[in-house]
Every structure is written in C-alpha cells, then in structure tokens.
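Colleague: Residue strings, one per chain:
2 protein chains.
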Amino acid sequence: MAKPKKTPRPKAETPKGFRDYFGAEVTHRAEMLRKIAAVYHRYGFDALESSGVETVEALGKFLPDVDRPNEGVFAWQEDAEGDKPGDWLALRYDLTAPLARVYAQHRNDLPTPYRRYAMGPVWRNEKPGPGRFRQFYQCDADTVGAPSVAADAEICAMLADCLEEVGIARGDYVVRVNNRKVLNGVLEVAGLSGDDKEAERGIVLRAIDKLDRLGPEGVRALLGEGRKDESGDFTGGAGLSDLQVRQIMGFVAANNKAQERLLRVSENGDLPEELKSMFFGASTLHDADLVSVLGRYEPWAKLWNFYVLEVLYELVDGSKVGAEGVEELREISELLKSQGYHSDRIVIDPSVVRGLGYYTGPVFEAELTFPIQDEKGRTRNFGSVAGGGRYDDLVKRFTGQEVPATGVSIGVDRLLAALAMKNEGAANDPGPVVVTVMDRDRMADYQAMVAELRQAGIRAEVYLGNPKNFGNQLKYADKRGSPAAVIEGGDEHARGVVQIKDLILGAKIAESATHEEWKDRPSQYEVPRDQLVAKVREILDGQ
Amino acid sequence: MAKPKKTPRPKAETPKGFRDYFGAEVTHRAEMLRKIAAVYHRYGFDALESSGVETVEALGKFLPDVDRPNEGVFAWQEDAEGDKPGDWLALRYDLTAPLARVYAQHRNDLPTPYRRYAMGPVWRNEKPGPGRFRQFYQCDADTVGAPSVAADAEICAMLADCLEEVGIARGDYVVRVNNRKVLNGVLEVAGLSGDDKEAERGIVLRAIDKLDRLGPEGVRALLGEGRKDESGDFTGGAGLSDLQVRQIMGFVAANNKAQERLLRVSENGDLPEELKSMFFGASTLHDADLVSVLGRYEPWAKLWNFYVLEVLYELVDGSKVGAEGVEELREISELLKSQGYHSDRIVIDPSVVRGLGYYTGPVFEAELTFPIQDEKGRTRNFGSVAGGGRYDDLVKRFTGQEVPATGVSIGVDRLLAALAMKNEGAANDPGPVVVTVMDRDRMADYQAMVAELRQAGIRAEVYLGNPKNFGNQLKYADKRGSPAAVIEGGDEHARGVVQIKDLILGAKIAESATHEEWKDRPSQYEVPRDQLVAKVREILDGQ
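Heads up: the sequence lines are chains D and U, in that order. Residue 186 in my numbering is what sits at position 186 of the first sequence, and the numbering runs on without skipping anything. Residue 99 in my numbering is what sits at position 99 of the second sequence, and the numbering runs on without skipping anything.
Bear in mind the hints are in silico, worked out from the structure with no lab data behind them. Every clue listed holds true.
Identical copies look the same in the list; a pair holds intra-copy or inter-copy alike.
Once the Cα atoms are required to be at most 25 angstroms apart in a straight line, the calculated DSS-like pairs of lysine-lysine come out as:
1) K396 to K16
2) K396 to K11
3) K257 to K320
4) K422 to K376
5) K84 to K11
6) K302 to K276
7) K479 to K468
8) K84 to K127
9) K337 to K302
10) K16 to K84
11) K11 to K127
12) K475 to K535
13) K508 to K479
14) K210 to K257
Chain D on its own, in the form it takes in the complex (with noise of 0.2 angstroms):
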C-alpha cells in the first residue's frame, strides 16, 4: 500500500465552552427530565422535539446590513443555489424561538389552545466561563392561546408537582407569582406611561431587574440621580422626583409594607415567634426566605396575602392596567387554593422582579429554599431553578396576530445541582458486577456466568482487557465502581464453585481495619456454581 502522507495529529479537545456528560451524569439528568416529562403530560401538554437547527430568519437574529447574524448565535450559511445566495442556518438559542416558529407553521393543524413542552440541548456563542457551557439543556411547557390566568394558574401548579417529582420536598421551595402588569399600574399611576416617557421607563426596569445585586438603596438611586459604584463608575439615573421614586419603591417593597400591618394586626402576640423574629429582622431579610417560613403558618400566609393584594390595590390605585394585574394575581391565588396549592408551596410575591421587563402578565419563579453554603462559605438559600410568564406577542412576528402564550422554563442544570446536593451520599450509577478471567480459554463459560445474571436484571460484564495480570482485573473492577467480582480458576472449576468478592465491604474492611488481619477475608464468598446469581443478588441487597 502507499504511505500514507505524515499530516500533523489532531488536537483531542472538545471545543472551548463545551464538555462531556459520562455515566450518572447522563442517567440522572435523563431520569429527572423523564420524570418531569410525566408531569406535564399528565398535565395535558403534548411532547415536541423541533431540530436544533433553524433559519436565522426564524429565529429573529437576522441582522440585514452585517455579513454575519450576531454574536448570540452560532450560524453559517448555506451554500448558493445558482444565483441564490443560501440561507443564513443557525443552533436553537432556547425552546421558545423554535416554538413560536412551529405554531406559526403549524397553527392549522394544532390544537388551540396548544400546550407543549420540549426538553433538549440550546446553543449560545458566548464566552465560556467557569460553570458557563455554550451547550446546556433546557427545559420547557408553555401554553399557546389561551388568555386566561387559568392557564398560568396552572403552570405554578404544575412547576410545584414537577419539583415534588423529581425528589425536592415540599417545604423545600416555593413558587412566587408576580405580574407585571401590577408594575405598569404603578408606572401610570407615577405619571410614567406616555410614549414620551419610554427611556425613564427603560432605567427603572433595569433598576429593579438590579435589585437582588444592588439592594433597595442602589435602586432608589437609580431611579431618582444616578449611583455611583465601588469603582467609581457612575451610572446616570432616571431623574424621577422623591414621590415617584417612593410609589416605584413601594412595588418592590410592597412585602414589608404587608409585613408591617400583619404585625400591626398580631399585636395582641400570638404571631409566631418564628415569624417575628424575621419581621424585626426585616432590614436583612431575603423575602424568599419570608415566603417559605409563612408557608409554614397557614392562617398567617392567608392573612399576608390578603394584605399584600390590599397594598398592591392601594399603590396602583387609579391605574386601569394596575388593577387588572392584581385582580389576576387574585385569581390566580384562588384557582390554584382551589386544586390544594396553598402558601407552602406557591405565593404572590411582589418582590419578584426577575422577567418583569421580559413578560406582559404573570410572572413566576421557583425557588429553593433549603441552606447551603455558598462558595465564600456563607449560608443561603438555593436559590431559583425555574422561571417563567405571560408573553403575548409570540407568534406576531410571523403571522400579525397577537396569540398568548405562557410557559415556564426549568433551568436543568441548576435543578439537577440541588438534587445532588441533597442525595449526596446516596447511591451513585451502580457499576457492574464483574467476572474476572482466570483462564482466557474459558471464556464461554465466564459469559455464560453474565448472561445469567444479565437475565436475573443484575448489570454485569466479563473482564475484557488482557487477562494475565489478574491485579489489573481487580483495578478495573474498583475504577468501575463494580459491587462485586465473580473469581472462578481452575481449581474451583473443577469443584464446581465460584468465588465471590463483596467489593463495597471489602472496601469498607480496607479503610478500617489493619491489613494483615482482615486481608480479603470475610468479604469473600465460596458457592456451589449453580447459587452464582442468588449469591451475588444477597451480595448487592446487602450493599
């Protein structure tokens, strides 16, 4: 043959920002969204796997006068057809892009309303940074064409089962329900609605979208002169006067403000103290953990929620708008005590700000709530793993007509984080048990030996690597993960046994006890050939 030509070997690597999934990573991430797959279908909505390639058009990254679509997206274009240049392709950024293209296309022959969901791998070309992947999974259920609050009602009822399914306890999180139409209530009502008044209504999103990072000081900032961060920087604020800053503040804090008067009405003192010492502890309370604590207390979460509605009536007084989104968030409460969803599990939570500029309607977010200790080695709550809302204008860009549409999304790898966190130390992927090779030249019947403990359902495997160093047999079994090895020579052949190692015990044995004395022993079994996988069976029951 003629030698091949010497070109220089390739580089190994996956490409920067995206990794490999091995063994449980993929099978627990697999069972979660199986399980959270069985929710939303027992919930009615239908499965839909779209490709992970679209149309730039579609998508709507499509930037006519740049030779190439924004950096958001990895895309490429197909080849010309003749004269036609080809169509600019590009990775799905998220699930509701594709959606919003599939019931456009489709819209015919879909049911309306539409409920889908969709889990699957979305693209961004992004800079990768630590934990940040350019490839992650997300995972999706929205409702297409359905106006009432009815159908949000039930995604928060649905996010609350999902949870419960995939092993998060209730009283471990809560789902908070904010709408934005209550903040544009409160944006009239402050003299901020005109047409004129969209740049001020620009600054005040972001700033309340910074809540979280700045505090309520940093936001009163920038809404009224502007604030200055640690480094100097100055960034100019939405020069709103003292009353309007106070009315926009009054939204955000609207929590405290039902907090003082569930105190106010307590006073005779049979509020829990539990509950108290939040309250008097209020100026370094995080609301989340407000919520999850008065989940615990239903008398008292049904009287916070009444007053919360009662402050947000109160500060979007005069406000069309305002009062049609804390009417739905009234209803959106009643509909879901009605199905058993009361305040341990899903809240209205005007603290909420995350989405507000994104979404036109309800807004819900689930939380974690259990501690853990953060990379500074502070203790706080988990955190958010799902989020989601009302967007009304999905199709539009297609097809002209307003449809709406509310969905939720549940952030796989943040979820999938905190289950392990909670299991640590429960049962990893089992390894296979594995049956070493004495003597290469019965390999029959070590096969013989797996395919029957495969039919008993036990994972096994005969050692397929070069037998004659029976030490890297054990190694391989140990680097496996393997809860037992099956030995079998010639001597035992020809009595008819088998040996069997407890390799978790054995494990065990080595860390605890001197060497010498236990060396292997009591973690090994001798039995007849024929008790081979009731032997290993009690073994892996054991274990």
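Model the placement of chain U on the given structure of chain D, informed by the hints.
Modeller: Frame of chain D; chain U shown alone:
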C-alpha cells in the same frame, strides 16, 4: 412609544431537510431509546453524552486546501482572537468520531476496556430527499480497548436483547455475522494482497458491496471486464482472471455451497420440507430468509453452521489472516451458544457484505425478517435495522497508538418504523380527559376536578380556550384524541353531579349507528361529583 420600522415578516419554516416531531413521535422514540439504554447498561456499558459541536480538526473532516470544510458537515468558523484565526467548528455527523476524540482526550481517566453507549442527534449536510433528513438520531454502543472477539460476541448478544426488549419477537429478527479477515484471506489466496494490488482490491470491495443491488451476475461482471448498466453507462472492472473471480464469488456465495452440502447429507429425506423448498428455489433466495427459516430447525442450523465454516476454511486455505478470520467466526459462534444465543437469533453468514470495506474484523448486521409490502406492493423482509463491527484504528489519528474497538449502531428511525408496523392499531399516546367549561366563573371548580384526576394519575386538563361555543370544546377534545369529557353546568352543579362522555365509545357509535336513534345517549353517564375519578377510571379501563 416610537413606531417600530416595518420589516417583512419572517417565514415560519423549518430549514430544508429538517422537521418537527410531535407528541407520540417524540414519546415513542424516547421510550424505545430508554429500553435500549437499559439493555446497554445491564451489559456494563456507561452512558456518554458529548456535545453536538466538535472542532472540525477532531472530527477529521479538515481539508487544509479549501476555505471551507467539506460538504458533508455543517461547519462554521469561530471569530478570530487577535491575530489568531478562529477554529472551525462543526456539528457531529455520527457518534463514533466524538467517541474517538473523547477516548483520546480522557483515556487516562477512563477504564480499559471502555464500554460506552451514546444516543442523540447527528447532522449531515446532504441534499435532503423524501424521508431523508439532515438531523436524525443515532444510538450506539462500543467497546474500546478489548482485542478479544468476546467483545464482538457480547455486542451481538446485546443487539439481540435490545431488539427483544423494544418489542421485536424472537423469530422476527436475526443478527448475521461475517468477518472482514475472511475476505482478506480470500483476496490473499487470489493473489490480490500485494501493495501493488490496491486498485483491484478497491474495485472488488465496491463490487461486493453492490451485491444486493446488482445480484451475483453484476458483481461477477465488475470483478472481470466491467459492466454496462441499463442506461448504457459502463463501469470498469477489476480485470481479474476467471479463477480469481471464482475465488471471490465463492466467498459471497459460501452459503450456497454450505446449502449444497446440507442437501447432500440429508439425501435420506429427513430435511424439513420448508427448508428443502427454500433450497430448491435457491436462485431467487434471499439469504436472510434462509437463515431465519434455518433458525427454526436447530439441529439443521448447527450442521449448516458447521458447513459454512468448513467452506470458508477451504476458501482461505493457505492464508494466515483468512484462517484467523474463520477461527474468530467459530469462536464468536461458540461464545454466543454458551450464553444461549443460537441460530434462531444469531448466525454466521458470509453473505453479509455491508460494511466490509470499513470494518477490520467481525461485521454484524441485524435484520428484521417479518414480511412487509414495499412501495410497489411486493412482499419483502423489513430488512436491516442495525449494523456494526470491529474497527481497530479508532484513536490512532490522535495518539498514534492503535486501539482495538468494536461497536454497533441501531438505526433509530428504521427500528421505530418497524415497531410502528408491528403495533399497527395499538394504543397511541392517549389524549387528556378534557374538563369542559360551562360557566367561566366556576373555573376554580373545574381546576379542582382536573387536580383530582391528575392526582389519581389520569392525564387531564381544563379547556382553556374561549368557552363560549360548547361545540368548539368538544371539537378540541376530538382533536386531542381525548378518551373522555367532563361536563358540569349550573344544573349539574346544583344537583351535585357531573356528566361524563365516553368519547371513544361515542365515536364508535357515531360511526356505526343511525345518528338520530343513538344520539349521544349510551356513551354519556351522570354520576355524583365525588365519584368523578372512579367513573373516569372505569371508562378508561373499559377502553
């Protein structure tokens, strides 16, 4: 607000060659893949999920002399970083190239041998055709670092298990095994193994790969002087001598030789009629038919197996690699028998020619043997749904080391199509029970009903479109394939009852009976409100 500039509306279309998958199309595939993953896992294979994006360099499609990587992949260039031009990235076109990259990249952390399975979409930048898409699923399992044919045998057994697990009955499939080394031996015996015979070997490989399409006469012509096809086009031949042609045709027709010998030893007439009739019709015989029938007559199958190996030994007489190849086939056969996989499931079959050009050792192919009607109304076997084999230079490109590997790829779409044919008329993905809205102010009551149904594990939803037109609600239920609808108007509410329509029975009655006589009656039930779940359950069970 400033008026947005008018831009033409984007087209709501999938890119050419891509498609959307709805409902059961998604769930049936997911269910099938889950079952296959469980079998792979039981055999000790670990999940691996690499990202959809690889460097073109790692994929091995890099052509340094063109501006753009070749047409088979979707590729794009990353932005330059300073003076350094950006990497070319591409969507993976299969799951084997990423496995090679992963193994080379992580080989120090991975166990050896490394058994891994992977399932997911791959992309091909090809001209789309009817039923040919540019994104489709693959589902692979490979063992890297195991030189022994026990690894190949294991994969054949696993493939058989997978097919049975997803619902292909034993007898409806056969895994056929061949070996590239036997062909190498035949080539050597025919004097075609020298470095100067590369061109001839290429023509021979391409010719026998066309056996299915051209038949033996066509292949024979290509081995000799060449072949004129129906359109008059001439394809040059390998120019082999008559003896050489006979030697090579002997390989692909080894089954016929074995068949002759089987007939000869059964002169006493005890060969089953079914087998005999297949043998006598040998000229039109499709080999897969023969092996599947043979599988039903185990003693004869054993003898057949013996003769096939005998014929092959004779064909490679004098070639070391050829003898090795036949010996490997014999070993595989023995190993499989020891695990209980006989000729009713897995057979040695030299007529398997697909992939012989690519693989370096054992080659396997799973065929479904039940008859279907093809597009021209002719009856034929369903055909191939999976294939694989040994390829021993997987990571050599990266590391310079030769690492043995063997694996299988299941054709996800083909197998799904087969299952759909087998299960024709079987239950589809069931639609949700639809609770209709008679009084929109009582949405909370309807939501409570669906919550009860869901808690009982019943798929259910409230109608969330405009409830004004009740007929539309029933049309919606029909479109969703709902098994039942629940109705509670003011009258029912006052009396504490609900109406439940059995929509499946209703549709049957509407189809079969005169409309007036039965008008909706017998398929509708009135029950007390607190028996809602029990009655719906009863109706669903009855369907």
